[in-house]
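Produce the entire structure from the sequences given, and follow the hints as far as they go.
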Amino acid sequence: MSSFEAKKIGVVGAGTMGAGIAQISAQAGFETVVYDVSQEFIDGGLERIRTFLQRSRERGKITDEEEKQLLARLTSSLKLEDFSASTLVIEAAPEQLDLKREIFKKLDAICAPETLLATNTSSFSVTAIAGATRLPERVLGMHFFNPPPLMALVEVIRGERTSPAAMEKAMGLARQMGKTPVPAKDTPGFIVNRIARPFYNEALRILSDDQAQVETIDRVMKGAGGFPMGPFELMDLIGIDINFAATQSLYEASFHDPRFRPNPIQRRMLLAGNLGRKTGRGFYTYGQK
Amino acid sequence: MGKNSVAIIGRSRLAEELFSLSREKGLEAALHPDARGIAASVALAVETCAADEEAKKTILKELDAVLPPAAVLLSSCLASPTTRLASWTGRPEKVVGFATFYPLQGKKVIELSVGLRTEEGAVREAEKFFQALGKETARVKDGAGLIFPRILSLIINEAARSLDEGVAEAEAIDVAMRLGVNYPMGPLRWADQIGLDEVLAVLEGLQKETGEDRYRPAPLLKKMVFAGWLGESTGRGFYNY
Chain F
1 MSSFEAKKIG VVGAGTMGAG IAQISAQAGF ETVVYDVSQE FIDGGLERIR
51 TFLQRSRERG KITDEEEKQL LARLTSSLKL EDFSASTLVI EAAPEQLDLK
101 REIFKKLDAI CAPETLLATN TSSFSVTAIA GATRLPERVL GMHFFNPPPL
151 MALVEVIRGE RTSPAAMEKA MGLARQMGKT PVPAKDTPGF IVNRIARPFY
201 NEALRILSDD QAQVETIDRV MKGAGGFPMG PFELMDLIGI DINFAATQSL
251 YEASFHDPRF RPNPIQRRML LAGNLGRKTG RGFYTYGQK
Chain A
1 MGKNSVAIIG RSRLAEELFS LSREKGLEAA LHPDARGIAA SVALAVETCA
51 ADEEAKKTIL KELDAVLPPA AVLLSSCLAS PTTRLASWTG RPEKVVGFAT
101 FYPLQGKKVI ELSVGLRTEE GAVREAEKFF QALGKETARV KDGAGLIFPR
151 ILSLIINEAA RSLDEGVAEA EAIDVAMRLG VNYPMGPLRW ADQIGLDEVL
201 AVLEGLQKET GEDRYRPAPL LKKMVFAGWL GESTGRGFYN Y
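Chains as they are written, first to last, in the numbering used here: chain F, 1 to 289; chain A, 1 to 241.
One should not assume that every hint holds.
Unchecked claim - Here are the simulated lysine-lysine pairs, DSS-like style, with alpha carbons at most 30 Å apart:
1. A:LYS61 / F:LYS222
2. A:LYS135 / F:LYS222
3. F:LYS222 / A:LYS107
4. A:LYS208 / F:LYS222
For the record, the hints were derived by calculation from the structure and aren't laboratory data.
In structure tokens, the structure reads:
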């Protein structure tokens, strides 16, 4: 491991999740390289990081010097080949299984055998992604939560063939990034997306059965349950499309277990374009959009 | 509602809490383990049994026999719709359902359900009682478990399944739910606080009422209730106390 002491981290994808992961990696002191397929995407991701850091500095959370050092540890690349000597590569590409398998096949060929390969997928099996590689023992899931710089949790997912040593290393690296890692088996929805499903799905069921209105359900879940947000407020914040996709993915992955059956209300909203806060209209209406 | 008026019935922690909160708020309240010795002046009786349907049926019938005809009967509808609870009594117009979990402390809102035959006057009395305890109320259409107990029980059920299937350790599950989606407590720790028998009662009630597989209790949850591992109250649940 001596050549890996410098701890280089590669991040595939400069979208919201990729940029956020790159930011916390660089913040933790790792030499971090962000890859994407076009300079435009990379610039977008780096811009997002700069904006976040600028706000943190203005709020006094980081110093001018820390910001400079962090940005100095962050570079970008249009070539996956630049990840060859990485300690860890975290893939945060769009949620398409074929695309992810393609990326892992390439990373497997490019990277040294010691390099850990992690996917940030929330909806696919880590085992299915690892199946595209020759060394599935070093492939695992590192599921960060949005936005990565603010959310402490990382689910570290053990695929069918992931080695205990790889799990151990990934847990350690996540801790070094200032996160709280939690190990879990590769099963649909892992821990959080699965166990949180009834929070949304059962609220939708109560609504579709006309047992209570949106406002009442939100008021009860906050006032009786102590949840920071009601299910409908939260779905509007997450986005109806994203929330619906998460439910659908669990429903498919579980071979249509009725516990995960999506609710027609959500599909209707999706087709109507009422996606929540981002479109100005969801279960509630927002501003002038 | 007059001052000399509230009878709290049951042996649960919730019954004790309702009793001490009623006293604290200046209500003339009495705590009874069962239907015996209830004063003739009682205007409202609160029955808190949730987990055992036969016991609940018995106590509701006994209460119906001893309470003055005008008294309102507020009954926990965690496991059965209020209309069903009311059908076991000769005063369905006076039966109002409520659904909450222990502890009452920290809960701003209490859910009430109105049976098909419940009178508006009886619901108002129930609302006044909880308002006197400093709680807001929310009316929900009749059903088992209403909103919060129903949704939380399903979350706990999914957590128990995940634990049983070896997805993650109990502590890992609780940490993940607190940090990943900001839940105020991890679901397994929460279940231990509430009592696993109460959670199971909600799930079994929903399953019975709807006939849907969606509400099927996790085998682990059932086994733990059989084993008497109900959580904090018995010293052992998903954690040891």
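Checklist entry - Under the criterion that the straight-line Cα-Cα distance not exceed 30 Å, is the pair LYS61 of chain A, LYS222 of chain F satisfied? => result violated (35 Å)
Checklist entry - Keeping to a limit of 30 Å between CA atoms, is the pair of LYS222 of chain F and LYS107 of chain A held or broken? => result holds (9 Å)
Next on the checklist: Between the alpha carbons of LYS208 of chain A and LYS222 of chain F, is the straight-line distance 30 Å or under?
Outcome noted: holds (28 Å)
Checklist entry - LYS135 of chain A and LYS222 of chain F: Cα distance at most 30 Å? => result holds (13 Å)
When held up to the earlier numbered hints, the structure conflicts with hint 1 and nothing else.
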